[in-house]
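Please build the complete structure, drawing on both the sequences and the hints.
Protein chains: 2
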Amino acid sequence: MSTVGLQLRELREKAGFSLRKAAVAIDIDVAILSKMERGERKFSKELVIKLAELYKTNSDKLVIDYLSEKVLYELEEEEFGLEALKVAEKQLEYKRTNNK
Amino acid sequence: MSTVGLQLRELREKAGFSLRKAAVAIDIDVAILSKMERGERKFSKELVIKLAELYKTNSDKLVIDYLSEKVLYELEEEEFGLEALKVAEKQLEYKRTNNK
DNA sequence: ATTACCTTTGACAATATTAGTCAACACATA
DNA sequence: TATGTGTTGACTAATATTGTCAAAGGTAAT
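Residue numbers (my numbering), protein chains in the order written: chain A, 728 to 827; chain B, 728 to 827.
Treat the hints with care, since some could be wrong.
It does not matter which identical chain is used: a pair holds within one copy or between any two.
[As the list claims (entries may be wrong)] Derived DSS-like pairs (lysine-lysine); straight-line CA-CA distance at most 25 Å:
(1) Lys-817 with Lys-769
(2) Lys-822 with Lys-769
(3) Lys-748 with Lys-788
(4) Lys-813 with Lys-748
(5) Lys-817 with Lys-777
(6) Lys-762 with Lys-788
(7) Lys-748 with Lys-817
(8) Lys-741 with Lys-772
(9) Lys-777 with Lys-822
(10) Lys-741 with Lys-817
(11) Lys-741 with Lys-788
(12) Lys-772 with Lys-797
(13) Lys-822 with Lys-741
(14) Lys-797 with Lys-817
(15) Lys-813 with Lys-741
(16) Lys-813 with Lys-797
(17) Lys-769 with Lys-797
(18) Lys-762 with Lys-772
(19) Lys-817 with Lys-788
Calculated directly from the structure, the hints in this document are not laboratory data.
Only a predicted model underlies this, so the values are computations on that prediction, with no experimental measurement involved.
Following this line, the structure appears as structure tokens:
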């Protein structure tokens, strides 16, 4: 399973950034970035986007994966997690087809 | 749209509990229950279940709605919320069919 | 019009969670 | 040795969540 953190780590390496350089570029402590890439700390959406920009990658899929992970994190232990997701999905679909 | 709070309010009234009585029965401050029923504060899963028990109702659907609301709350402003939900759903389905 | 309920409101304190800072470590390589 | 790499843990700061409390306003019966 490819987490957002690991995806961003790969992208960073391909883009030729060291952890420190990348951290400086987006103005966070290197320790935090290290932990985020390894899933020890959560990303924020803003950081995901900033990093994607730094690595010259489209951020859409990364953001989707980021949000998905966030949701899964709070449902994974839930007996009715899947059912809840389906209910939520219906609501969002309804919302999207109608008003806004 | 019928929120968990409003559902629980209806159940409470049908069961003949005043806000105070219900709050005392599950050992929380009446102010909190009032706010929760009206959506001004979030429920916890434990309270949803306790209230369902108090009102002699099966809690499964309530819990599902509760979780769904929680998820929607953090996705509703997101451009890619629906896509994220679908990704999360696939992961959960995969997990459920396989190992655990 | 006061007593006895009910629900709502807002201000505040207590707690828990999350985010950020920093220094040091271990490893590799020039 | 000196420089660059990533990782770790302890600590503080900031923010969010929860809990407590007192008071207000409503309704109804006496």
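Could you work out which of the previously given hints the structure breaks and list their numbers from low to high?
4, 5, 7, 9, 10, 13, 15
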